[in-house]
Amino acid sequence: MAKTSSIEKNKRRRKLVAKYANKRAELKTVANDESLSLEERFQARLKLAELPRNSSAVRVRNRCEITGRPRAYYRKLKMSRIAMRDLGSTGMIPGLVKSSW
Numbered sequence: 102m103a104k105t106s107s108i109e110k111n112k113r114r115r116k117l118v119a120k121y122a123n124k125r126a127e128l129k130t131v132a133n134d135e136s137l138s139l140e141e142r143f144q145a146r147l148k149l150a151e152l153p154r155n156s157s158a159v160r161v162r163n164r165c166e167i168t169g170r171p172r173a174y175y176r177k178l179k180m181s182r183i184a185m186r187d188l189g190s191t192g193m194i195p196g197l198v199k200s201s202w
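Each position in the sequence shown, counted from 1, maps to that position plus 101 in this note's numbering.
Simulated from the structure, these hints should not be mistaken for lab results. Incorrect hints may have been included.
[Unchecked claim] Straight line, CA to CA, 20 Å or less: simulated SDA-like cross-link-like pairs of lysine to any residue:
1) Lys124 / Leu152
2) Lys112 / Arg162
3) Lys177 / Met193
4) Lys179 / Ala158
5) Lys120 / Pro171
6) Lys199 / Arg182
7) Lys110 / Arg142
8) Lys177 / Arg162
9) Lys148 / Arg162
10) Lys112 / Asp187
11) Lys104 / Tyr174
12) Lys124 / Gln144
13) Lys129 / Pro171
14) Lys124 / Val161
15) Lys129 / Ala150
16) Lys179 / Arg113
17) Lys110 / Pro171
18) Lys129 / Arg160
19) Lys116 / Gln144
20) Lys177 / Val159
21) Lys112 / Arg164
22) Lys179 / Ile194
23) Lys110 / Ser157
24) Lys112 / Ser156
25) Lys110 / Asp187
26) Lys120 / Val161
27) Lys179 / Ser107
Hey, can you work out the whole structure from these sequences and the hints?
Shown next as structure tokens:
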């Protein structure tokens, strides 16, 4: 089980990403637009730098919904391999069969 503080920090980051997503997208399109002047693009970069760091989507860590584990994460199921194995063994995931030989 992951530390509760790490899980909560990641939740706060997800909220900030959702809050600033539109503003970041607009500033990025202006900053990357080659047809605009260099000063306008630079101003957009400065505005982008003023936004909170945690509002960037890159800073969000994929974590297991059940345990909070950050590693061995399956995106499709939104859980770690360990949680998937436990649920699969008990028959909670349809179509998943634990193999043994």
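Cross-check of the supplied hints:
1. Pair hint Lys124 plus Leu152 holds up; C-alpha atoms about 9 Å apart against a cutoff of 20 Å.
2. As the CA atoms of Lys112 and Arg162 are separated by approximately 9 Å, the hinted pair is consistent with the 20 Å bound.
3. The straight-line distance between the Cα atoms of Lys177 and Met193 is roughly 16 Å, inside the 20 Å bound, and the hint therefore holds.
4. For the given pair, Lys179 sits about 17 Å from Ala158 by alpha-carbon distance, which is consistent with the 20 Å threshold.
5. A distance of roughly 23 Å separates the Cα atoms of Lys120 and Pro171; the hinted pair therefore is violated under the 20 Å criterion.
6. About 12 Å separates the Cα atoms of Lys199 and Arg182, which keeps this hinted pair within 20 Å; it holds.
7. Restraint check for Lys110 and Arg142: not satisfied, since their Cα atoms lie roughly 32 Å apart, outside the 20 Å limit.
8. Pair hint Lys177 plus Arg162 holds up; C-alpha atoms about 15 Å apart against a cutoff of 20 Å.
9. A hinted pair counts as satisfied when its Cα atoms are at most 20 Å apart, and Lys148 with Arg162 does not qualify at roughly 25 Å.
10. A threshold of 20 Å between alpha carbons decides the hint, and for Lys112 with Asp187 the separation of about 25 Å lies outside it, so the pair is violated.
11. The straight-line distance between the Cα atoms of Lys104 and Tyr174 is roughly 17 Å, inside the 20 Å bound, and the hint therefore holds.
12. Restraint check: the Cα-Cα separation between Lys124 and Gln144 comes to about 14 Å, which is no more than 20 Å; the hinted pair holds.
13. Of the pairs offered as hints, the one joining Lys129 and Pro171 is violated, with about 29 Å between alpha carbons and a cut-off of 20 Å exceeded.
14. Between Lys124 and Val161 the CA atoms are separated by roughly 18 Å; this keeps the pair inside 20 Å, and the hint holds.
15. For the given pair, Lys129 sits about 11 Å from Ala150 by alpha-carbon distance, which is consistent with the 20 Å threshold.
16. Simply put, Lys179 and Arg113 have alpha-carbon atoms about 18 Å apart, close enough for the 20 Å limit, and the pair holds.
17. Pair hint Lys110 plus Pro171 holds up; C-alpha atoms about 13 Å apart against a cutoff of 20 Å.
18. For the given pair, Lys129 sits about 17 Å from Arg160 by alpha-carbon distance, which is consistent with the 20 Å threshold.
19. Our distance criterion of 20 Å between C-alpha atoms is broken by Lys116 and Gln144, whose separation comes to about 26 Å.
20. Using a Cα cut-off of 20 Å, the hinted pair Lys177 and Val159 holds, with the two alpha carbons roughly 19 Å apart.
21. Simply put, Lys112 and Arg164 have alpha-carbon atoms about 10 Å apart, close enough for the 20 Å limit, and the pair holds.
22. This hinted pair checks out: Lys179 and Ile194 have alpha carbons roughly 13 Å apart, not beyond 20 Å.
23. Between Lys110 and Ser157 the alpha-carbon distance is near 14 Å, which keeps this suggested pair within the 20 Å criterion.
24. For the hint linking Lys112 to Ser156, the alpha-carbon distance of about 12 Å falls within 20 Å, and the restraint holds.
25. With a C-alpha separation of about 26 Å, the suggested pairing of Lys110 with Asp187 is violated against the 20 Å cut-off.
26. For the proposed pair Lys120 and Val161, the alpha carbon gap of about 14 Å is at most 20 Å, so the pair holds.
27. With a C-alpha separation of about 17 Å, the suggested pair Lys179 and Ser107 falls inside the 20 Å cut-off, and the hint holds.
Of the numbered hints listed earlier, those contradicted by the structure are 5, 7, 9, 10, 13, 19 and 25.
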